[in-house]
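Student: Next come the chains, spelled out residue by residue.
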Amino acid sequence: MTQRRASLMVTCLGDLFFPEVGVSIVRLLRKLGVTVDVPANQTCCGLPLFNSGYHAEAAAVVRRTVSLFKDSEHVVVPSGSCAWMVKHEYPGLLADGALARESEHLAARTHEFSQFLVRVLGVTEFTSAVPGRVTYHDSCHLLRGLHESQSPRTLLDKLKGAELVPLTDADECCGFGGSFAVRLPEVSSQILAKKVANVEATGADCLVACDAGCLMQMGGGLTRKRSRVRALHLAELLDGDR
Amino acid sequence: MSDGELATPFRQRAGGALKDTFLQEALTIATTKFIGLRREAFAGFPEGEALRDQARAIKEATLQELDRHLETLIASVERLGGHVHYAATSAEARSIVVDIARRTGARMAVKSKSMATEEIHLNEALEAAGITPVETDLGEYIIQLAHERPSHIIAPAIHKTKGQVAELFSRELKRPAEPDPEALTRIARGELREKFLQADLGITGANFAVADTGTIVLVTNEGNGRMVTSLPRVHVAVMGVEKVVPSLTDLMVFLAILAKSATGQKLSVYTSLVQGPRRAGELEGPEEFHLVLLDGGRIAQIGGPLREALSCLRCGACLNVCPVYRQIGGHAYGYTYPGPIGILLTAMMEGTAAVKDLAHASSLCGACADACPVRIDIPRMLIDLRREVDERKIAPWTERVAFKLLARVLHHPRLYRLAARAGRLLQRPFADDGRISRLPLFFSEWTRTRDLPPVASRTFQERWASDKDLRA
Chain A
1 MTQRRASLMV TCLGDLFFPE VGVSIVRLLR KLGVTVDVPA NQTCCGLPLF
51 NSGYHAEAAA VVRRTVSLFK DSEHVVVPSG SCAWMVKHEY PGLLADGALA
101 RESEHLAART HEFSQFLVRV LGVTEFTSAV PGRVTYHDSC HLLRGLHESQ
151 SPRTLLDKLK GAELVPLTDA DECCGFGGSF AVRLPEVSSQ ILAKKVANVE
201 ATGADCLVAC DAGCLMQMGG GLTRKRSRVR ALHLAELLDG DR
Chain B
1001 MSDGELATPF RQRAGGALKD TFLQEALTIA TTKFIGLRRE AFAGFPEGEA
1051 LRDQARAIKE ATLQELDRHL ETLIASVERL GGHVHYAATS AEARSIVVDI
1101 ARRTGARMAV KSKSMATEEI HLNEALEAAG ITPVETDLGE YIIQLAHERP
1151 SHIIAPAIHK TKGQVAELFS RELKRPAEPD PEALTRIARG ELREKFLQAD
1201 LGITGANFAV ADTGTIVLVT NEGNGRMVTS LPRVHVAVMG VEKVVPSLTD
1251 LMVFLAILAK SATGQKLSVY TSLVQGPRRA GELEGPEEFH LVLLDGGRIA
1301 QIGGPLREAL SCLRCGACLN VCPVYRQIGG HAYGYTYPGP IGILLTAMME
1351 GTAAVKDLAH ASSLCGACAD ACPVRIDIPR MLIDLRREVD ERKIAPWTER
1401 VAFKLLARVL HHPRLYRLAA RAGRLLQRPF ADDGRISRLP LFFSEWTRTR
1451 DLPPVASRTF QERWASDKDL RA
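Chains as they are written, first to last, in my numbering: chain A, 1 to 242; chain B, 1001 to 1472.
Excised from the complex, chain A in its bound form (with noise of 0.2 Å):
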């Protein structure tokens, strides 16, 4: 395999609650080859603050990532929902030229993870961390802003030792959405209540989803029922064989 290079967009979800990860991210890309670098003072890509209304706020933290990134080979984003902000929204929230341009080719450099590993990279096959039987949540931005529910699947249906198992309403939103998640906490909760319930019929050990702020939610709506079910991230699924 040729030599590649990718910056890890690490997000600030994952750098703050969720670590492992990226850790393994990192872990995953070096043994396929891929030499991993994560820019240092990454904070966020912005998008909490640009679904709010406050777009001037979020175009100066655009500002700052897209100039973290401007060395970047591949740019690889845990969450699909960052990645999206990233490829649709900074080049129209940068009015100004040079940066502008530097932002649209940032924005065709930048891959959510498991379109990293599929339609970059090539790969799909992988061994799982956790075996037993996975069901996937289709994140709302990754489907319908990004229009990618393949490469998970494929990489969850090949991957050994876990059975892919479906997920009814898989592409309904798990009702997080960011700031309405606490502004309409009980609509929220009871958007989670009816996705949980659908994760708990699969009778699966694991939900995997590819989005930080999914996870977040639908992990909390679970351990709060004490369920058997773990919310892990795929990249967690695919780092096995240690």
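Just so you know, the hints here were simulated from the structure itself, not pulled from any lab data. The reader is advised that the hints may include incorrect statements.
[As the list claims (entries may be wrong)] Below 27 Å or equal to it, Euclidean Cα-Cα: the simulated DSS-like pairs (lysine-lysine) are:
id: 1; chain 1: B; residue 1: Lys1019; chain 2: B; residue 2: Lys1356
id: 2; chain 1: B; residue 1: Lys1033; chain 2: A; residue 2: Lys194
id: 3; chain 1: B; residue 1: Lys1195; chain 2: B; residue 2: Lys1174
id: 4; chain 1: A; residue 1: Lys225; chain 2: A; residue 2: Lys194
id: 5; chain 1: B; residue 1: Lys1468; chain 2: A; residue 2: Lys70
id: 6; chain 1: A; residue 1: Lys225; chain 2: B; residue 2: Lys1019
id: 7; chain 1: B; residue 1: Lys1162; chain 2: A; residue 2: Lys194
id: 8; chain 1: B; residue 1: Lys1468; chain 2: A; residue 2: Lys31
id: 9; chain 1: A; residue 1: Lys160; chain 2: A; residue 2: Lys31
id: 10; chain 1: B; residue 1: Lys1019; chain 2: A; residue 2: Lys194
[Claimed, not checked] Pulled from the structure, derived: some chain B residues nowhere near chain A, Cβ distances all over 10 Å:
id: 11; residue: Lys1033
id: 12; residue: Leu1070
id: 13; residue: Glu1118
id: 14; residue: Glu1124
id: 15; residue: Thr1185
id: 16; residue: Gly1190
id: 17; residue: Leu1273
id: 18; residue: His1331
id: 19; residue: Ala1354
Even for Gly, the Cβ is constructed at its ideal location relative to N, Cα and C.
Position chain B relative to chain A; hints supplied.
Tutor: Using the frame of chain A, we list chain B on its own:
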């Protein structure tokens, strides 16, 4: 926080809806059915995707020259012997219809289902003028009996179970009614038959109006629309100005996708094309025909941020797939048009301040934009409304300060790292076995129903900086 404190009126209404077990049952059954039927209808219709693009393109092109198309429509209707009225506001539209009713000596009006007449609150105005409005669409008939308003754009009584409808009929019509849809429909049909014959005035909306031919198009399933447009002496159609389409050829594109998106039918049971009043030698039809063109905030948006919403066909597909609508139903939104598109239409009609809370009644999951037959980017416009709410300082100051603070933290890595350390320190009393189940103050909004992962003892970037193994 208990219910009530800090909660916005919208959040309180939504909370009430979540506790209404009848509503929950009715919503789950109906929206699930609609979603499945729509999916099937398009699965067997590969040309659907291209037609959706085409429909959107026709809407865009029509908006581009709306004045010209409206002039053509007016000329066509007048050529047929009809009268056209223009209403800048809901109040103007109401008084136009009431004046027609008075002038023609109308005492009873039968109505076919119409969101435009709901939007202008026509029934109340008619009643105040001593004219009895009778809704003849089954769903509308149900909610009129119940003294309620529609909770869905195409299924106005979606919030009621058949048991509730049976109870309502028994009580209001003073006759025993079984909770069987067919039997209930038979009762309504019997009640309505004589109203059709008594009414002087027939009032409809319009799904489309064809400029070239002056044709008013009604897409219905119950046949009541045809009786409303043919039996009474006078027919008044009320439509938003954006409903005009240039030609019958354009109309065909919309008819191919509308029912599929709305009810999942290939075509609706009745597609009625009505042209002006009864002509010499014709056996049926009204003596007078009036078309009321309603602006109501629409024209200002042709060049405004909500322009895309003017392409809406009122099919209701975005409501059925919306996770928020599916939990709370239509009434909680508080305005005529519920659901994701309803938030945009409410902003159009009532102004941005009216939707300061509703603009956040979406997880931005994008299911609405996906289901929309003309691909309206609803999430994008909701975000733009949020921005306007922020920029015009309509949002509460506490929220604006919090987000500006967050922006500061995300802009400065040193503050970000400091915040991580502060989080770790402050969470100590609450973290238990790798999860946080109970937090005070605002944070309880999350932890009341969900656990929160604690801030990691070492963030990923801290590990990257200090672990040589990781970096190697």
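Student: So, for every hint listed, does it hold in this structure?
Tutor: Checked hints:
1. At most 27 Å may separate the alpha-carbon atoms for a hinted pair to count; Lys1019 of chain B and Lys1356 of chain B meet this at roughly 24 Å.
2. A distance of roughly 17 Å separates the Cα atoms of Lys1033 of chain B and Lys194 of chain A; the hinted pair therefore holds under the 27 Å criterion.
3. Only pairs whose Cα atoms come within 27 Å are accepted, and Lys1195 of chain B paired with Lys1174 of chain B is accepted, the gap being roughly 18 Å.
4. Note on Lys225 of chain A and Lys194 of chain A: the hinted pairing holds, with a Cα-Cα distance of about 13 Å set against a maximum of 27 Å.
5. About 25 Å separates the Cα atoms of Lys1468 of chain B and Lys70 of chain A, which keeps this hinted pair within 27 Å; it holds.
6. At roughly 20 Å between alpha-carbon atoms, Lys225 of chain A and Lys1019 of chain B fall within 27 Å of each other, so this suggested pair holds.
7. Between the alpha carbons of Lys1162 of chain B and Lys194 of chain A the distance comes to roughly 24 Å, so the proposed pair stays at or under 27 Å and holds.
8. A C-alpha spacing of about 16 Å is found between Lys1468 of chain B and Lys31 of chain A, which places the hinted pair at or below 27 Å, so the restraint holds.
9. The hinted pair formed by Lys160 of chain A and Lys31 of chain A meets the criterion: a straight-line CA distance of about 17 Å does not exceed 27 Å.
10. Only pairs whose Cα atoms come within 27 Å are accepted, and Lys1019 of chain B paired with Lys194 of chain A is accepted, the gap being roughly 15 Å.
11. Listed as a non-interface residue, Lys1033 of chain B keeps its Cβ farther than 10 Å from every Cβ of chain A; the least gap is roughly 14 Å.
12. At roughly 33 Å, the least C-beta separation between Leu1070 of chain B and chain A is larger than 10 Å, which holds for a residue marked as non-interface.
13. At roughly 24 Å, the least C-beta separation between Glu1118 of chain B and chain A is larger than 10 Å, which holds for a residue marked as non-interface.
14. The Cβ of Glu1124 of chain B sits about 30 Å from the closest Cβ of chain A, beyond the 10 Å cut-off, so the non-interface label holds.
15. No Cβ of chain A comes within 10 Å of the Cβ of Thr1185 of chain B; the nearest lies about 31 Å off, and the non-interface call holds.
16. Under the 10 Å C-beta cut-off, the non-interface status given to Gly1190 of chain B relative to chain A holds; the minimum distance is some 40 Å.
17. Listed as a non-interface residue, Leu1273 of chain B keeps its Cβ farther than 10 Å from every Cβ of chain A; the least gap is roughly 36 Å.
18. Taking the minimum C-beta to C-beta distance to chain A, about 14 Å, the non-interface status of His1331 of chain B holds against the 10 Å cut.
19. No Cβ of chain A comes within 10 Å of the Cβ of Ala1354 of chain B; the nearest lies about 16 Å off, and the non-interface call holds.
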